[in-house]
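Take these sequences, add in the hints, and give me the full structure.
Spelled out from the first residue to the last, the chains are:
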Amino acid sequence: MKKRTKIIALLMATIVGSSLLAGCGAGTDTKSSKSDSSSDTEKADSADKTSSDGDDQTLTVWAWDQSFNIYAMKEAEKIYQKDHPDFKLNIVETPWDDMQTQLGTIVGSGNYSQLPDICLMQDFAFQKYVTTYPDLYQDITDSGIDFSKFAESKLAASTIDGKNYGVPFDNGAEVACYRTDILDQAGYTLDDLTDIDWNKFIEIGTDVYEKTGYSLLSVQAGSSDLIYQMMQSAGFGTWKDDGTPDIAGNEHIKQCIEIYQEMVEAHVLAVVNSWDEYVATFTSGKTAGVINGCWILASIQTAEDQSGNWGLTDMPAIPDAETATNYSNQGGSTWAITTNCKNTELAEDFLAKTFAGSVELYDTILPSSGALATWLPASESEVYSEPQEFFGGQAIYKQISDFASKTPTVDLGVYYTEANQALATAVANVSGGSDIDSELKTAQDTVEFNMGQ
Amino acid sequence: MRQKQNATGWLFLVPAIILICGFSIYPMISALITSFKTGTGTNMTFTGLTNYIRCFKDDVFIQSLKNCFFYLIIQVPVMLILALALASILNNPKIKARGFFRTAIFLPCATSLVAYAIIFRSLFATDGFINTIAVKLGILDSAYNFLANPLSAKIVIIIALVWRWTGYNMVFYLAGLQNIEYSVYEAAKIDGASAIQTFFKITVPLLKPTILMTAIMSTNGTLQLFDESMNLTHGGPGNASITMSHYIYNMSFKGVPNFGYTSAMSFIILIMVAILALVQMKVGDDRE
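Which chain is which? The protein sequence lines are A and B, in order. So in the working numbering, spot 356 of the first sequence is number 964, and the numbers just go up one at a time. So in the working numbering, spot 242 of the second sequence is number 585, and the numbers just go up one at a time.
For the record, the hints were derived by calculation from the structure and aren't laboratory data. Note that CB positions come from ideal geometry on N, CA and C, so glycine has one too. Misleading hints may appear alongside valid ones.
To be verified - Covered by chain A, per the in silico footprint, the following chain B stretches (three or more residues, Cβ under 8 angstroms): (1) 400 to 409; (2) 483 to 491; (3) 511 to 524.
Claimed, not checked - From the derived model, a few chain A residues whose C-beta atoms are all more than 12 angstroms from chain B: (4) Pro-693; (5) Ser-976; (6) Gln-1029; (7) Ala-1030.
Unchecked claim - No more than 35 angstroms apart at the CA atoms, straight line, and that leaves these computed lysine-lysine pairs for DSBU-like: (8) A/Lys-771 with B/Lys-380; (9) B/Lys-597 with A/Lys-1014; (10) B/Lys-380 with A/Lys-696; (11) A/Lys-682 with B/Lys-597; (12) A/Lys-771 with A/Lys-757.
Structural data, given as structure tokens:
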């Protein structure tokens, strides 16, 4: 009996001991386990150890989408390896939400050695990270990368005080895609929805809903992205020249929210709760259209059974606005080199020869991932004019490049996320029956409060 | 000899003390210092108590505070009463398959917080299980968007919390009930006490320490609620169901970070938890 108790005690001690050890190890293990998806673990570890070594030919990269930016990085690696056989990338898949918390904690704790060499950054957050964490990214203005070859509106996101901090990657030009078979049932064609304004859109949408039961558009609840897209299409922003928020009493925002409300009430716009539901509305055939940044094409094309039934055109414009256009932007991202990178020359040269200098790279990644270049020489490539079967043989990439060149530039500001969330709250409350003016006033107060110290 | 024994005792405690100091005390002190600083990201300066004053001028923080107390006032009593009732039912030796029922009711708290929040989210989605059943049975005319209405979103969170935590508290009560001598119940029975009388006159008073403990734990847990707000409702619609911890997270990692302000908010939660626990202990104290 006594022996048994002893054995049990020993067992328990072993379990507790080993779990403690495992707990301690977890902190250092995360990096290698995360990189499992990119390549083998050993490589990740060795890269980790040597990233401080000046002669090393391996760069660590953080990006978040396997089929999109990680894929593009891998192709870039292959191209650069042709001239530099020793060169290697260690790509770590880091979702955007995780990246924000990780960057915040790493820089906050001052432990810069945990940073990657190259980091992908959302355009809307670029200014915020450069201004709030001045030591995070390197100024690469004099790196020899020819920044004049990038679209100016795109470059604005990563340029702070005239200094370049990033190499632009993908474009978020706004596209409007519609199910041509459903439009046909209601007696419309793609041309009827091209170069129109929102009033016309609501008119057609109401008719389509009555005839077919499909909403023309869907949107995620608690998001103000659509409002932002509408605003940018006419060059309207949410900031005054002196950097204070311009939300309360802003007639343009009010007009956009009114259009939004009108669409919801007319069943033209279906509101769903989450991103997954949003994607499902068009892939499972509940809505007949999508208006969003062109990266949404990857999601649309997952519905292979709908191939050939989609058409692409420009978005509706804001009615009665002098500066109104049919072009806007949502999202897009930029590569940046962190201060942890000990081999800056290599990183700069790599980016200069690939994302800022290789037509071949963009020719490879465009057809398979839809990553639309912001590097201007790439858009002259023939790949852009190839007809896309999924979109009924339209040469959509040529069209999108054209949209991108006409998109008005809007300064999203350092406090973009705050303004975006405050507006999202306003939109949600207005949908719940609140008065627009007082909600915009509240949003203004919230943003001003967040900007204060 | 005595001194030597003492020294050996302390030696065994040293690893634990070092770990607690390194991973618990040091971060707390560091956070306290941060809460007196303000600035964005790494550009911080000392400003004294401004962050604490700022909290009470922040409409969204006040809103999140109200939400937390709404959950606290409604969810904690409902859950504890339910747990107590279930525990006394399942303590009855006449019930068959008690072990099965105990396990079944306890099982939800073995699920991951994130996983169960996402499952509740899909249950209450517009095209989710609850809506489909309700429409099929004719209870609802058309699907109701539970997560788009401020009140129903909060109620969904409360339902989720009750499902997740009732079994957890029930186990404490069951353990407490084992300490009550069966003879006490027998004596009551002989004296002609009804089931309800035994419950209120014997079970509840004798379980008081356990009830107190579960109440303090639940209060603490509710004020620090995060996963449900984050994953189930995303704090929405608007900020109607956001909790304090979720708001702190948003302020730290979503927008322009101000870690001084967010640390100050965390300490306000700490102070509130401490005060509420103290009140509950005073109320539950029998000694006059």
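So which hints don't hold here, by number, going up?
The structure breaks hints 3, 6, 7 and 10; every other hint is satisfied.
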